[in-house]
Amino acid sequence: MSALIFTLKNQPKFTLDAAPLTPENLEGKTLTQIKNLKIIYGNKTSKLDTLFTVEGTDSSQIIIENSTDKLINAGQAMTKGSLTINGDAGDFLGQGMKNGTLTVIGNTGSWTGNAMSGGRININGNAGDYVGAGLPGDAFGMSNGLINIKGNAGDRVGDRMRRGIIIIQGKSGNYCGSRIHAGTIIVLDKVGKLPGEGMRRGTIILAKKPTHLSATFKSCGNLKMQFLRLLFTQLASIDDELSLFNKYGPEAHRFSGDLARNGKGELLILQHYK
Amino acid sequence: MKATRIIITAMTLKWAYRAANAIRGFASSVIACGIEADIERELKPSETPDGRPGISVMIFAMSMKDLEKHVATRVGQSVMTTATTACYSGLDSEQKVSMGKSLRFFGDGFQISKVVNKRRFWRIPVMHGEFIVEETAGVTKAIGGGNFLVLAKTARHGLAACEKAVEEIQKVPGVITAFPGGVVGSGSKVGSKYKFLTASTNEAYCPTLKGQVKSELSDEIGSVLEIVIDGLDEESINEAMRLGIKAACSFGPAKGICRISAGNYGGNLGPHLFHLRKLLK
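Chains as they are written, first to last, in our numbering: chain F, 1 to 274; chain W, 275 to 555.
Check before you lean on any hint, since a few could be wrong.
Stated by the list, open to error - In silico DSS-like links for lysine-lysine, alpha-carbon gap of 30 Å or less:
{"hint": "1", "chain 1": "F", "residue 1": "80", "chain 2": "F", "residue 2": "44"}
{"hint": "2", "chain 1": "F", "residue 1": "171", "chain 2": "W", "residue 2": "392"}
{"hint": "3", "chain 1": "W", "residue 1": "375", "chain 2": "F", "residue 2": "98"}
{"hint": "4", "chain 1": "W", "residue 1": "392", "chain 2": "F", "residue 2": "224"}
{"hint": "5", "chain 1": "W", "residue 1": "375", "chain 2": "F", "residue 2": "224"}
{"hint": "6", "chain 1": "F", "residue 1": "208", "chain 2": "W", "residue 2": "375"}
No lab work stands behind these hints: they were computed from the structure.
My request is simple: use the sequences and hints to build the entire structure.
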């Protein structure tokens, strides 16, 4: 069986809701049924085949070609299989995702992995603001799963996240890990101002020293963190893409904080490579 | 029986051994120790969850209840107290026994939970740094009490053959010999003339009682040693017994090994029977 491929016919002028294009939604449907699916484009509902050409049979492997940042809600509430987006994706990528793998070859908009509770999101380019964060009014952000961003991320990565792992191989914006309840955020390049502001628990791991650290973080000194050894070994064992963690050692400068919110979170600044 | 496998890692193999030896102390027989436990094998850093040298230890008990009780207390008192150690599950299964789930409270509110690779670990701040323990360890059905007897001219002859047999058995993955050195010096029978005892000396194989009871021993036999094997499945016990018996037999009558036998205990020990002749065919 060949992967189910959706190719955008033209660059959309308005936002296009790609939420129906998930393996569980398309499972058991014939190609004709899929082509006749209704899809929200701008403020109207259109037939899917007016926007996409469709080919292939295997609904557990979906590929979207020629994608742009107008394509929103891709992989929404996905529970299985894989969805690959060749090009950019818009806001709310993987919102409420429960399982499966979502890969974006380009960049994504804001709110990537919002309310995600499992599975994995890989972004080869950059991501916007609020990666893995909770929407205004939500108690929590992402509650499980793994987000791996090869490029940079915007502000407030993981805001109010509850559990899970966010890896940013590039730079992260301001307020990285703000108000997090738990979970792990790893930034391998520079981080913006005030990482961990208002965090309750959880771990923020930084490969580079932040320029602005809140006064409500208290130094615990340079330590060999056994946990880092475990985390890096486990991440490296997931797949080749994460084997880069093999080069990091367990030495870190530990800051506990945010003391304005019980101080049980931690900010670990890696000291040097292996 | 129920069994679990735990992985103990430490800064060096020496300290992993210290923890492993502590956890397997007083764990020779379920009769009075509650569990049977022993080191299964050494693990290379590439085989452990945290990339440090480690030891895998297998723990066997008669029920989940016994396993729940002993695993948490032994990991807490023997592993957590050993400097630089960490403890992880070595078995992946649906049924699980608590480790960090119970021990985390030692952190007194400063413990941190981390889910990595779909496994939950607890980070407990301790004086040496951090003690990391996996929330649970997998449990599987297992077989205990596979055994054979080495009937020798003297204890010296018997021990030499048994040492060699245990060395061979230890090469088989998934089995342990929980008794000290892998050899039982005081094999027992089921029951006793005393009502409060569930096991007592196996007089039919006691050399000093040859003239006093219905003995299984011929004149030349002066010492009987038993090797008891616990394993995760029948195949591994079969293989371990085969290798062990062959190693013991390689000494032969010239080196004081007169016979190999096994304790059947009237079939009262469980549903699994290991026929020695079939094993060697």
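Keeping to a limit of 30 Å between CA atoms, is the pair of residue 375(W) and residue 98(F) held or broken?
It holds: about 25 Å lies between the C-alpha atoms, which stays within 30 Å.
Quickly compare the C-alpha distance for residue 392(W) and residue 224(F) to 30 Å and report which way the hint goes.
Holds: residue 392(W) and residue 224(F) sit about 24 Å apart, inside 30 Å.
Does residue 171(F) pair with residue 392(W) here, judged by a C-alpha cut-off of 30 Å?
Distance of about 27 Å is within 30 Å: holds.
Hint check: residue 208(F) vs residue 375(W), CA-CA at most 30 Å. Holds or violated?
Outside the cut-off at roughly 34 Å; violated.
With the threshold set at 30 Å, check whether the alpha-carbon distance from residue 80(F) to residue 44(F) stays at or below it.
Roughly 29 Å separates the two Cα atoms, so the pair holds.
Distance restraint between residue 375(W) and residue 224(F), which requires alpha-carbon spacing of 30 Å or less
The hint holds at about 24 Å.
When the structure is compared with the earlier hints, a violation turns up for hint 6 alone.
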